[in-house]
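Trainee: These are the residues of each chain, in order.
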Amino acid sequence: MSDSATVAAPASPATLPAFPSAPPLTPQPDPETSSSSPDLEKHIDRSLRGKIKIGAKGLSGPVIKITALVLIGLTVYGFLTFDYKNIDFAQAVAKTFHNAQVMFGQPKLTYNSFLGLMHALFVSFALGALATFFGAIAGFIGALLCARNIANPLVGNVVRAFVAFIRAVPTVLWILIFSVAAGLGGVAAVVGLTFHSAGYLAKAYSESIEEMDSGVIEALKASGASYWQIVFQAILPASISYMTAWTFLRFEINFATAIAVGAAAGAGGIGFDLFMASAFYFDLSELGFITYVIVIAVVLLELAATKVKAKVR
Amino acid sequence: MLDKLFKISPRAWRAWLSIQSRLNKGNSQPEKPQQKEKQTSIFTKRKRVFTLVFIVVATLYLVSSAAAEFNLIDGLESFPKAFIWITTYLVPDEKSLSNLPAILAKLSETVFVAIAVTVCAALCAFFFSLLGTTTTKTNPWLARMVRVVAAFFRNVPDVVWAMLLLFSFGQNVLTGFFALFFATFGLLTRTFIETIDEVSADCVEALNATGATTLQIVFQGIIPSVLSVIISWILYMIETNIRASTLIGILTATGIGYQFDMYYKMMNYASASLVVIAIVVVVIAIEITSTRIRKVIM
Amino acid sequence: MSDAPILEFKNVSKTYNKITKALSDVSFSLEEGEFVSIIGPSGSGKSTILRCINRLVDATEGSIIFDGHDISRADKREIHQVRKKTGMIFQHYNLVNRLSVIENVLHGRLGHKSTLSGVVGLYTEKEKERAFEILEKLGLTEQAYKRCDELSGGQKQRVGIARSIMQEPRLILCDEPIASLDPSSSKVIMDHLSNINQTMNITCLINLHQVQVALKYSRRIIGITSGQIVYDGPPETLTQDIIYEIYQSKEGELITDVG
Numbered sequence: 018m019s020d021s022a023t024v025a026a027p028a029s030p031a032t033l034p035a036f037p038s039a040p041p042l043t044p045q046p047d048p049e050t051s052s053s054s055p056d057l058e059k060h061i062d063r064s065l066r067g068k069i070k071i072g073a074k075g076l077s078g079p080v081i082k083i084t085a086l087v088l089i090g091l092t093v094y095g096f097l098t099f100d101y102k103n104i105d106f107a108q109a110v111a112k113t114f115h116n117a118q119v120m121f122g123q124p125k126l127t128y129n130s131f132l133g134l135m136h137a138l139f140v141s142f143a144l145g146a147l148a149t150f151f152g153a154i155a156g157f158i159g160a161l162l163c164a165r166n167i168a169n170p171l172v173g174n175v176v177r178a179f180v181a182f183i184r185a186v187p188t189v190l191w192i193l194i195f196s197v198a199a200g201l202g203g204v205a206a207v208v209g210l211t212f213h214s215a216g217y218l219a220k221a222y223s224e225s226i227e228e229m230d231s232g233v234i235e236a237l238k239a240s241g242a243s244y245w246q247i248v249f250q251a252i253l254p255a256s257i258s259y260m261t262a263w264t265f266l267r268f269e270i271n272f273a274t275a276i277a278v279g280a281a282a283g284a285g286g287i288g289f290d291l292f293m294a295s296a297f298y299f300d301l302s303e304l305g306f307i308t309y310v311i312v313i314a315v316v317l318l319e320l321a322a323t324k325v326k327a328k329v330r
Numbered sequence: 011m012l013d014k015l016f017k018i019s020p021r022a023w024r025a026w027l028s029i030q031s032r033l034n035k036g037n038s039q040p041e042k043p044q045q046k047e048k049q050t051s052i053f054t055k056r057k058r059v060f061t062l063v064f065i066v067v068a069t070l071y072l073v074s075s076a077a078a079e080f081n082l083i084d085g086l087e088s089f090p091k092a093f094i095w096i097t098t099y100l101v102p103d104e105k106s107l108s109n110l111p112a113i114l115a116k117l118s119e120t121v122f123v124a125i126a127v128t129v130c131a132a133l134c135a136f137f138f139s140l141l142g143t144t145t146t147k148t149n150p151w152l153a154r155m156v157r158v159v160a161a162f163f164r165n166v167p168d169v170v171w172a173m174l175l176l177f178s179f180g181q182n183v184l185t186g187f188f189a190l191f192f193a194t195f196g197l198l199t200r201t202f203i204e205t206i207d208e209v210s211a212d213c214v215e216a217l218n219a220t221g222a223t224t225l226q227i228v229f230q231g232i233i234p235s236v237l238s239v240i241i242s243w244i245l246y247m248i249e250t251n252i253r254a255s256t257l258i259g260i261l262t263a264t265g266i267g268y269q270f271d272m273y274y275k276m277m278n279y280a281s282a283s284l285v286v287i288a289i290v291v292v293v294i295a296i297e298i299t300s301t302r303i304r305k306v307i308m
Numbered sequence: 509m510s511d512a513p514i515l516e517f518k519n520v521s522k523t524y525n526k527i528t529k530a531l532s533d534v535s536f537s538l539e540e541g542e543f544v545s546i547i548g549p550s551g552s553g554k555s556t557i558l559r560c561i562n563r564l565v566d567a568t569e570g571s572i573i574f575d576g577h578d579i580s581r582a583d584k585r586e587i588h589q590v591r592k593k594t595g596m597i598f599q600h601y602n603l604v605n606r607l608s609v610i611e612n613v614l615h616g617r618l619g620h621k622s623t624l625s626g627v628v629g630l631y632t633e634k635e636k637e638r639a640f641e642i643l644e645k646l647g648l649t650e651q652a653y654k655r656c657d658e659l660s661g662g663q664k665q666r667v668g669i670a671r672s673i674m675q676e677p678r679l680i681l682c683d684e685p686i687a688s689l690d691p692s693s694s695k696v697i698m699d700h701l702s703n704i705n706q707t708m709n710i711t712c713l714i715n716l717h718q719v720q721v722a723l724k725y726s727r728r729i730i731g732i733t734s735g736q737i738v739y740d741g742p743p744e745t746l747t748q749d750i751i752y753e754i755y756q757s758k759e760g761e762l763i764t765d766v767g
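Chains as they are written, first to last, in our numbering: chain A, 18 to 330; chain B, 11 to 308; chain C, 509 to 767.
I should point out that these hints are in silico values taken from the structure, not numbers from a laboratory. Just to be clear, a hint being listed does not mean it is correct.
Taking lysine to aspartate or glutamate pairs in the EDC-like style, the calculated list, with each CA pair at most 20 angstroms apart, reads [as the list claims (entries may be wrong)]:
#1 59/A / 633/C
#2 324/A / 269/A
#3 305/B / 658/C
#4 68/A / 633/C
#5 147/B / 586/C
#6 724/C / 690/C
#7 305/B / 228/A
#8 112/A / 235/A
#9 529/C / 569/C
#10 518/C / 533/C
#11 654/C / 300/A
#12 584/C / 566/C
#13 74/A / 690/C
Kindly generate the complete structure, drawing on both the sequences and the hints.
Mentor: What follows is the structure, encoded as structure tokens:
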């Protein structure tokens, strides 16, 4: 017995005494062959080579492994097939470092005035705020229509599919499409940004609503409350803190997206100045200055959002 | 910026909220006794809060509308106009179908960039988050450094990286790759640090107590605990990065974004519509696959 | 080995962040094979005592002698030796929830293995068989291949016990082992701990909230309040007044009041 207990641990002086529980178990067979009782043996899972398996049963482990392997495989395949256009990698990296030094080390405004930049920053902020505002309204309606615990299943499925479609189209494409369809300007930018926000918030809100205790809705239904009474007396109060958190999160994203589409789709705001500094004036210092302005704004926004979220809870 | 939690599960989201609430303990704790005292005035208080929120939102709306030169009527009017335009012009025709192979080639490039960026960024982010987490009790100074670096990369928008890299890498697939890499890296590092702190703090303590070495703790405790969450984030970020990479592609003249921009500027709207459809199909397919995988592994 | 105490605290003090005093001048010693409960209100320093022993927390002053070595100033290698020989059981079980029960039990071997074989989770067949034997004693064979997050609280705590036995420890530290369990699971856990102590001669030091449980199971009780030992002796001489002193409350305020 003491043989089976001395587990490859020369450092440990104490060999394990047996565990003589009241009804003595079947005496230990010879440790050379098997040290476990037949009763125990039937619970032990062995591999073909007789080794004891130790992994948990279930799909989760294998699926995680396969997913990880497939992702790594696709990554390697991607790297092998990209068209690098014979770029001199080392030189490009060195140049990047040098440029980054200029950009972050010597920020300077030459082509924009500081006030102009602040105005552009506010335009980006405004685009993000408006998109969040409309996105929240549309998203809330969408969520009511597709949350599984309150919506009609058929309507729910249709709305969910529609929402998935809206979310799948990149925001910049919505803006480009709307600027042809409805004319360039603030309207196209806001509407384009709103699409993805609405899709995103509809999904987030509906999940918040689905999290709700089903008993509350049932109780209100039983008491004869109307649909809108249930919405405003039960659903909204119960999920308002989640929804606020999501809305602020989305606002932060919308602000960043507004900057990005300003650069890529000429949708105005500080993103456009960023694009001009880089692609038109080729001025790294200008780019650096604008970047610092953006970073400070993003950080301040995040701090403010955290404050408000804490209040709502 | 913690957008992606939302796709993982309400549970993870709640965990995040609990972290947040712990961080904000200072604010929320003193509120409790106050609430009890003022219970009688809760309705007046709610009314006041409601009025306040209404005023703030209304002001923000008006100021923003003025700044963005937006007005609601134009916005609403644009929908029927856009609908008619989209259904008239933004439909694939036979001629555009001949562009399909080119579109699919570019789209697959973008998808592979998104996957490669996300996987590489996640690997680096995981390594850094091990240094940045407080559970493993490595070097507190190093941990703070990692957090600051991650915050820097997270808060500089990906377009900025793209604009910077354009100078050195030019119109190359690597420009978009690195731009997205930096942004994804910053975001995932912070997320992974939070996940490790939240999910594995207890078992790290226990393994520590058994005399396990740091490496053993990482491989036997932390990795098994957080792997499913990490995979989940990777899947979500792939989706996000496909969209982000489309946008960056417009700036760097690569991938599907450039293909769309080209057709768009040539007013070849039929082919442009084909691009949109292709993106939608691929993104939704990836989303469905991700959801399935997530259901099994979480 | 049997004469010298296995563990000795000599005037141990611990101050967190140079302000909060968790332990002040704590002295006691444990003989090999003892089953000792530490009782006291939350925040009185119970957990700190346990964590000073396996150096999850470093004592600020005084010395701790474990198995003849002063471990309060031990270096990394010595700490490793101490942790290897000390099992620990936690209130929240602290298992790796996504791994199987058997993997969690085998984690008890990590301190005994080379870093590499521990990293890849390579255990000998003997270790695995031993793990199964321990699980059998604890009535968990059916659960061996389940993930720990599929278990009930009582089962999780038994896995925690199995993990610590797997270490072949001289001493098991239990930090509120039953604080999150229902009464019947609590009894099962305490019975197992008591059984381990008696049959395997492993010294047990247990933090408990429940005075009743301490009275029933242990042959020696240490009462601690505000980081100081106010009682150290057998359960028989632990009077109601002393309990009130430990919990710093007046008569009639404790749920544990007994006639």
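Trainee: All hints are to be evaluated individually against the structure, with a verdict given for each.
Mentor: Evaluated hints:
1. For the proposed pair residue 59/A and residue 633/C, the alpha carbon gap of about 16 angstroms is at most 20 angstroms, so the pair holds.
2. Between residue 324/A and residue 269/A, the direct Cα distance comes to roughly 14 angstroms. Compliance with the 20 angstroms bound is thereby established for this hinted pair.
3. Note on residue 305/B and residue 658/C: the hinted pairing holds, with a Cα-Cα distance of about 16 angstroms set against a maximum of 20 angstroms.
4. Pair hint residue 68/A plus residue 633/C holds up; C-alpha atoms about 7 angstroms apart against a cutoff of 20 angstroms.
5. The suggested pairing of residue 147/B with residue 586/C holds, with an alpha-carbon distance near 18 angstroms, which does not exceed 20 angstroms.
6. A distance of roughly 17 angstroms separates the Cα atoms of residue 724/C and residue 690/C; the hinted pair therefore holds under the 20 angstroms criterion.
7. This hinted pair checks out: residue 305/B and residue 228/A have alpha carbons roughly 17 angstroms apart, not beyond 20 angstroms.
8. At roughly 65 angstroms between alpha-carbon atoms, residue 112/A and residue 235/A are farther apart than 20 angstroms, so this suggested pair is violated.
9. For the suggested pair residue 529/C and residue 569/C, the alpha carbons sit about 12 angstroms apart, so the restraint of at most 20 angstroms is met.
10. For the suggested pair residue 518/C and residue 533/C, the alpha carbons sit about 8 angstroms apart, so the restraint of at most 20 angstroms is met.
11. Restraint check: the Cα-Cα separation between residue 654/C and residue 300/A comes to about 61 angstroms, which exceeds 20 angstroms; the hinted pair is violated.
12. A threshold of 20 angstroms between alpha carbons decides the hint, and for residue 584/C with residue 566/C the separation of about 12 angstroms falls inside it, so the pair holds.
13. Restraint check for residue 74/A and residue 690/C: the C-alpha separation of about 28 angstroms exceeds 20 angstroms, so the hint is violated.
The structure shown violates the earlier hints numbered 8, 11 and 13.
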